[in-house]
Amino acid sequence: MPESVVVGEEVWKVYGQGETQVPALRGINVDIRRGEMVAVMGPSGCGKTTFLNCFSGLDDITRGKVTLEGTDIHAMSDRLKTEYRARRAGFVFQSYNLLTILTAAENVEMPLLASGVRAREARPRSVEMLRELGLGDRVNHRPSELSGGQQQRVALARALVCRPAIVWADEPTGNLDEEGSRQVTSLLRQLNRDFQQTMVVVTHDPDVAAACDRTLRMRDGRFVT
Amino acid sequence: MTDPIVLFAATTLGAVGAVSAYLAVRNRLSLRIALRNIVRARGRSVLVILGLLVATAIVSGSLVVGDTVHTATVHYSYIGWGYTDEAIYGTSSSGGYLYFSSIVANSVVTASANDSRIDGVSPEIVGTVQAFDNTTGIPQTNLYLVGSNASQSAALGPFTSVSGGNPGSPAPGSIFLDKLAAQDLSASVGDSVLLYGKFAAPEKVGAIVQDDIRGGFLTAGVSGGSVFVDLATAQALQGTPQEVNFIAVTNAGSQESGVGLSSAVSASLTAALATIPGTSALSVHQVLSDSLATAQSASTSLTTIFLVFGLFSIIAGAMLIIGIFTMIAEERKGEMGMLRAVGIQRRTLVLAYYFEGLVYSAGSALAGTFAGVAAGYILLWFYVHTVPTPGFDVNVLGASFTFSSSSLITSYLVGFLLTLATVVVASVRVSRLNIVRAIRDVPEPLPPLRTYTYLAYLGGVSLAVGALLFLTTFRGSSDISYPVIGGALVILGAGLVASRFWKNRTVFTSVGAGLLLWAGVEPLHDWVLGTGHSGGIFFVFVDGVMLVAGALMIVAFNGVDLARSVERLAAGRKGATPVTRIGLAYPSRRAARTSISLTIFALVLFTIILLAVYSATLTGNLNNSVTSQSGGYTFLGISSQPIPDLPSKVATNSTLSALYSGVVPVTTGLAFVSVQGFSANPYHDNLFSAPVNTTAETSFYATNQFTFQSTDHGMSASAVMAELQSNRSVAVVDGGYAGGSGFGQAGPHPSVAPGDMIEVENPGTLAAQNVTVIGVLEESIVGGVWLNPSTAASLGYLTLNGYFLTVHPGVSSTLAAQKIKSAFYQYGLVLVDFRAILAQTTAIISGDIGLLEVFIALGLAVGIAALGILALRAVTERRHEIGTLRATGLTRPMIIKAFLVEYSFITIVGALVGGLLGLLVVYNFTISPGSSAAYAATLFVPWWNLLAVILVTGLLATLAVIGPSLRAARLPPAEAIRGVE
Ligand SMILES: Nc1ncnc2c1ncn2[C@@H]1O[C@H](COP(=O)(O)OP(=O)(O)OP(=O)(O)O)[C@@H](O)[C@H]1O
Ligand SMILES: [Mg+2]
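So the sequence lines, in the order shown, correspond to chains L and W. Everything in the first sequence is counted per my numbering, starting at 13 for the first residue and increasing by one. Everything in the second sequence is counted per my numbering, starting at 1297 for the first residue and increasing by one.
Simulated from the structure, these hints should not be mistaken for lab results. Quantities reported herein were computed from a predicted structural model and do not represent experimental measurements. All C-beta atoms in this analysis are idealised placements derived from N, C-alpha and C, irrespective of residue type, glycine included. Be a bit skeptical, because a hint or two may be false.
Quick look at which bits of chain W chain L covers, simulated, 3 or more residues with Cβ under 8 Å [unchecked claim]: (1) 1873 to 1879; (2) 2178 to 2184.
Rough simulated footprint, nothing fancy, chain W against chain L, three-plus residues with beta-carbon under 8 Å [stated by the list, open to error]: (3) 88 to 94; (4) 116 to 130.
Take a look, some chain W residues computed to stay more than 10 Å from chain L by CB distance [unchecked claim]: (5) Y1395; (6) G1469; (7) A1548; (8) R2131; (9) L2196.
Input sequences plus hints: build the corresponding full structure.
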């Protein structure tokens, strides 16, 4: 059995204070193994994005413990957390969050540059990644010159270009049509197989969930079985 | 109120108010939205008003400085002339007043006796005198001598003694000293004083009087002391029995009302003079009103200098206003889109925006007007503490600090309209808002081809107007600014037309380069436009704006490559690439937005560096040019009575011969110089001429080391001097005649070139002669015209009362000056110390320029504010992107660094562009070979000062953006991505 990559123990996340407190995560226990591709499903507002943010280290938690590849992520300093993200994690957001001022290739190579790869090596790697995703002819385009599906693929390329150990994807197909959605799903699946990458995919789409190894169902800040 | 400015302001403000009120009543909803926006973000509103007030403050500051100087100079005019509204006198060739018979004076008294507009006519002697206080043992040369009869000078007002009483009038044997003369002599009432004019007279000090309307006559208590004596004593001193040289006429009424009668009174006095025999050399001068007019023009030109240099900062202020309103517009884009979507009319929103701007404009113009008054006071306060100016010290500032209501109203109006105009422009921009784009926050698309077609039409207009301006002004003697502006409009117009067909980058880079060449290559102007044009500080402004615009165009359209090369430079260091990439992406790829602060920085640093380098170059060259300015001599001595054979007197005096190595006598006098094409002929100047029948050591021709800016046919300096010595029809003039466009020049001065003919008239004898200028000297301290000695003699210049003196090496010039002055004080010997004058001039120039720099620094404050606002706005706008970057693995320090890189880029590029162009302009105006105003030889760059300016700028800019950068870095990534406020 492969080692545990994402482990959560009694993780709580409470937004706000006093009267307006919203407990978004209510004692999450989870264990995701290396090479697993996991879908997270649940009704709107149940805490899926919060789960992703808290477990990837983008956001702090209120109580409990999150261990990524054996280290307690919330015990790290911000600098270490950031460096960990640069080297080991990739993100795909629902609204692609590309930098509009940069070209596709420049967006993709940003995590490489952030983790200290030289600009001379970073460029061919990012172009290669874009080509794999079928965007070889869009390398020097700005996001405003790309369609929504193309933008999402650029965001995917950015998340995957470092060959991260863990990919966190928040509704990666939410803005895509059926065809685009299928392409992105099979791509994720293939990369997951080829590189033993662990993938956590938040989705509303049963087809995406079906392509995953298993599905975690969420309700009111808890996983239900 | 009859003041046209007030009337105009009231009308304009009334019109704006009425239109706005009408709009407000018809569009209550707009008004409500506007008021809600203002009240909702009260802190922001205060910030906006602070940003907006700067332009107004610069206008009102300039006007207040002018007002105050006006008040002070008017005050001195009133004291200095007292109740002398008109004066009747003639000018002698030595520069003093011409003596005429008392009978003539009494005829004037009789002729005016029945004129109700005239209060009194006082015949006087006005001259200079030397004094030796026997009691204290102190001599003093060159005191004013004022002699009048008590019976004929009542209209001039009573004296007031320093203790406050009325001492009566001076009488034979009893003289009055004013406070300054008493100080100079350490004199007290009762001292015995020996006076020397042409003859000596022992006197007693009868009273020491205040420098009030009577006792401050001519000196205003500011410079030079006065001795008041009775008329007979003055006549005895000057050796002019039964003669006077000055008739003071007092108009009826107070000083202020009397001066209004001046032209009428002077007309009837002139008519009266015509009927009195022996008055052909005399004329009537409206001394008080002339002096008031001079005061007016002096303060106006000061205001102009401040305003012109302030213009750079005003432009910077206007840019800031546009920046602030664009920021507000963009911030509200989403909200406005929503309002439009729910059915609120476009017109309602635009009006809401207009009302908001109206409130800001009204408020900031008001605050700015008063901030300018405060800034003006602070500035003058610094001035009186750093530049010692006789007659303008702390007390005078306190008494004369003024802000006229018309200045306040003008500033308010200018500031209000300037702000409102930009607000209207911004509102119109908002009106083009596309609902969908606004809600989804999609960037505005590239302008369609149609826009370029419109721009091409605009370019055509600019081309035509520019060509017209250029063609009508490029030859001749108009201000050089006009053809240069014409040329720039042609370049710009051609560019706009071309942008319809070619790529923006190619076209506007060429336009920028064209502007740089056209404005920056000085020889090009001489070549294309000839050298006949005049130019002043306005041209400095025109040139500066064009250069900065050209350079920034090149930067804006080539920023991407610039950024790429910087990025490549930084690529070696780990983590540097993402920082430089992100930091430089915004300023280079969104050039239009960055250009606001870039322009502000470039303009302001251009001005500051221009002024700093100009003042350093001027003072540096002055110091370097002691020899050329002094001709190698130490002093120029002038005595009121000629000292017969001074060279042998010095040689036989053991004390003086130990100090002095050379004495070279010259003839001096006053000349009326007429130059063809000069607007204010004749120009009053000094006349010099050196005798030829002298020994080698006492010959001016053999000893002087004066150098020339230009000579006829490029003759050598010695050839020019030899020609002057032998040729009766030639002349040499001082450097002031070189003319040209040096800034800081006061009053009109004729300009000539070698080969030109000028007419020199002796005002004493009315003899005149045309002579050819064969050399223009470098020097301008011993200002004047040099004539061949025979020519000078034939015109009636005969007094040998000037002496170029040289001290032995190592001798203290202070000691040498003391000794020779006390040996010859009876002759009224005064010395011009070349080195001291150069030092003083240098100090005054640097002081004045330093003051302007303080003023310009206001513009720098604008630039810093703009940066801060831009950075703050960037943080809000880029929340999403910052969050993404953080998720992608950029650390907090990297985010901060990226922000700092971004704003350093703006600051550094702005400073580089401004600084280099500032240097270029100083070079063009001072030492470029093509410069018509060339009067310096070396460019002096005050590196330490520049470094300080740049460091302070950098530090302040960093302080302004560090807050927003920290805020950006602290954004929690999860929330930033979600877009939670
Ligand atoms: N910053 C916050 N402050 C307070 N409450 C918050 C905050 N962020 C999220 N919440 C609340 O936490 C709960 C979970 O939100 P979350 O965004 O994780 O839901 P989700 O499952 O991703 O929903 P969706 O499928 O609609 O994206 C919601 O009830 C939401 O209102
Ligand atoms: Mg969500």
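Requested in this report: Return the numbers of the hints above that this structure violates; sort them in rising order.
Outcome: Structure breaks no hint.
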